[in-house]
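Student: Throw the hints in and build the complete structure from the sequences for me.
2 protein chains.
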Amino acid sequence: MIRRIGKYTIGFEETPSIIGYASVAGKMENEGPLGGSFDKVIYDSYDGLDTYEQAESMLQTEAVSLAISKAGLKADDIDCIFAGDLLNQCTGSSYALLDFNIPYLGQYGACSTMAQGLIMASIFVESGAASIAMCTTSSHFCSAERQYRFPLEYGGVRTPSAQWTVTGSGSCVLKNVKKGPSIARATVGRIVDLGIKDANNMGAAMAPAAAQTLKNYFEDTQTQPSDYDLILTGDLGEVGSKSLYDLLKREGIDISSRHNDCGLIIYDRKKQDVHSGGSGCGCAASVFCSKILSEMCDEKISNILFMATGALMSPTTCGQGAGIPSIAHLINVKNR
Amino acid sequence: MIRRIGKYTIGFEETPSIIGYASVAGKMENEGPLGGSFDKVIYDSYDGLDTYEQAESMLQTEAVSLAISKAGLKADDIDCIFAGDLLNQCTGSSYALLDFNIPYLGQYGACSTMAQGLIMASIFVESGAASIAMCTTSSHFCSAERQYRFPLEYGGVRTPSAQWTVTGSGSCVLKNVKKGPSIARATVGRIVDLGIKDANNMGAAMAPAAAQTLKNYFEDTQTQPSDYDLILTGDLGEVGSKSLYDLLKREGIDISSRHNDCGLIIYDRKKQDVHSGGSGCGCAASVFCSKILSEMCDEKISNILFMATGALMSPTTCGQGAGIPSIAHLINVKNR
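Read top to bottom, the protein sequences are chains E and P.
Position 171, counted from 1, in the first sequence is what my numbering calls 171; the numbers after and before it change by one each time, with no gaps.
Position 312, counted from 1, in the second sequence is what my numbering calls 312; the numbers after and before it change by one each time, with no gaps.
A portion of the hints provided could be inaccurate.
Put simply, identical chains are the same to the list, so a pair is met inside one copy or across any two.
DSS-like, lysine-lysine: derived pairs with alpha carbons at most 30 Å apart [to be verified]:
1. K7 with K70
2. K291 with K74
3. K179 with K271
4. K179 with K249
5. K178 with K249
6. K7 with K179
7. K7 with K271
8. K7 with K178
9. K215 with K74
10. K291 with K178
11. K74 with K7
12. K300 with K334
These are computed hints drawn from the structure, not numbers from a lab.
Please read these numbers as outputs of a predicted model, since none were measured by experiment.
Tutor: Here you go:
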C-alpha cells in the first residue's frame, strides 16, 4: 500500500527492500577514502574499449550484472529497470542495458537519477507493477568533460567551486521481502531556479532544490534531523553543502550534525585535486551502493535520508545565458 | 489495484482516466490533415522568443497549462508530472515546467516518451502515489535539426527514408474517476538493436522494437488486432510501418486493417514535403492529444492500442559507428 503523507511525501507500507546492490568505480575513486569497498574497479579510462562513452556504458553493465548476481537472481527475473545518465540522450544507459533484455524506462534527473530511480523502483514494487525492479546510473570523468566542458587535451584550468565528475556506477535490486535496507518514504522534488548561471558552481545551483525538498519532507513527516542517523546529499560538494546549511538555517533547520555529502566522501580533498568535491550521477550511486548500504547491512546506521540533487541545464542553455534549474529527490531508507 | 498479466504486461483495475488533455502545434502541422484540431497553434518558429529551444519549452508550457485548465484544475492540484524531450539533458522539459512548481520526474524515452509518461502517470494514480498525475512531451523541428543534423541555413538534402520532426506538444492529466478514456493495460518495452546504423532511417530502426512489444502484448493478454478499433504507432512513418507489418507477419500477426501511425496522420505527404512522415516526441503527443482523444471522447473509437516508439541513440554514438537501440512502450486505452 502506498499512501500520501502531507503535500509532497509518499509512504510505503510494505517498504520495498534492497535485496542486491553493486558499485563499480574508477582508479582515482578507488584511491580515495572508499578504496577497497567497490565491487569492481576499472583501472583504464577506456576499460579496454574504443571510446570513453563505451567505457561508461560498461560501468553500468557491470554494476547491473553484479547487483543481479548478488541478489541471487538472473536478468530474466527482473520485471523492470530504471536507468539514466548525463550523456546526451542518456546513451550511457541505453547501450549498457541492451543485452539484458529487461523492460526499460529511461529516467533523466541529472545527478539526482539514483534517488529518482530508487523512487520509481519502489513504487513499481510496492504497487505490484513489478515483482522485482532495478535502478542504475553512471558517470565517467572523461565522457562528461568532453561533453560538458573541454577536450581533455586542452588542459583547462578549473575554478575552485568546480567539482570532479566521478567515474562510477551503482545499481540496486528491489523486492518486497520485509528485511534489510528498505525504502520507507520518498519525496519527489520540484524544479528550482534561483538564477545561478555559473556552470562551474553546480553545488550552489543545486543547494536551493535540496533545501526545499528537505524542508518539505520534514514538514510532511513531522520529523527532524536528529531522528536520522545520516542525512546524505548526492553531490553538493563543499560549496553546495555550505549553501544548504545556510538556506536551511533560515528555516530553523540545522542538519550539520547529521549531514554528509557523497561528493565529499568519495575523494580525499587534501590529497586528491578535486576542488569542491565529486559530482556526476555515478557519485551518489557508487557511494550509496558501497559504503552506505554496507553500513546499513552491518547495522552501523539504520535510518537515513538519501537525497540526490540534479542540475537540469545543458551546455546549450548555459551558452544561451539561461539559469540552472535544479531538483532534489529524497528517500528515507530504514532497516527492517 | 495493479496486477501483472503474462510476462510483460501490467493491468489497471481502476483504469486511471484522462480527465484533461491538450495539444499545441506549429504552423506546418496545422496546415496538415489535423488543421483546426489543436488547442493552440504557434505560427512563428521562435514563438516570439529568442531561441528555438525557448520556443520548444513554450510549446510544453502551453500544453500543460491548457490540459490543467481543461481538467478544471490548477497547477497546485497536480501531485506529479512526468516529462521529457529530445533536447540534450531534456532541457525542453526542465525549462518548460519551471514555473508550475509541480513535483517532477524527468523521463527519457526519445519519441516513445508520451507512452512512457502515460504509463508512469497511470501507475502513480492507480497505486495512490499520486491523486492526480500528468505527463507531457514536445519536439520542435528547428531545435531538433540544429542538434541532430545540420544548421537550417545549410539547407541539407534529406533522404527519402528521413522523417520530419513535428513542432508540437501534448499533455494529459490522469485521475481515478471511472469515466472517459482510461488506461486499462500497459506493456513496458525492452531495448532492441538489430544493427541498423542509418540515422536517416529511424522508422526501420524502431520497427523491430514495435513488433516485439506488440507481440508481447498480444501474447500476454490473449487478444488479437481485430479486438481493437485502432492500433496507433508513434512515428514509424511509411518506411517503418511497412517494416512493422513485415516483421509481425512472420509471427502470424496482421495489423494492417487496424493500424495507423501518428507520423502518417499528421502531414499530408502528397502536399507537404516530409518524405517518410512526421517524427519527434511531439508527433505522437500532439496527435494523441488532439484527434485520437477527441474521437474517444466522441465514442467514434473506444478501445485502442497506443504504442510510441523511440530511437535511443545520440549524434555522438552514431558518429562512433554504434547501432541504433530502439524501444516501444504500449498502452491500451479504453472508454469506461
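Student: State for each hint whether it applies.
Tutor: Verification of the hints:
no.: 1; hint: K7 with K70; in the structure: between (37 Å within a copy, 23 Å between copies)
no.: 2; hint: K291 with K74; in the structure: within (24 Å within a copy, 43 Å between copies)
no.: 3; hint: K179 with K271; in the structure: neither (39 Å within a copy, 63 Å between copies)
no.: 4; hint: K179 with K249; in the structure: neither (36 Å within a copy, 47 Å between copies)
no.: 5; hint: K178 with K249; in the structure: neither (36 Å within a copy, 46 Å between copies)
no.: 6; hint: K7 with K179; in the structure: both (28 Å within a copy, 26 Å between copies)
no.: 7; hint: K7 with K271; in the structure: neither (44 Å within a copy, 51 Å between copies)
no.: 8; hint: K7 with K178; in the structure: both (27 Å within a copy, 24 Å between copies)
no.: 9; hint: K215 with K74; in the structure: between (40 Å within a copy, 23 Å between copies)
no.: 10; hint: K291 with K178; in the structure: within (22 Å within a copy, 47 Å between copies)
no.: 11; hint: K74 with K7; in the structure: between (38 Å within a copy, 15 Å between copies)
no.: 12; hint: K300 with K334; in the structure: within (12 Å within a copy, 51 Å between copies)
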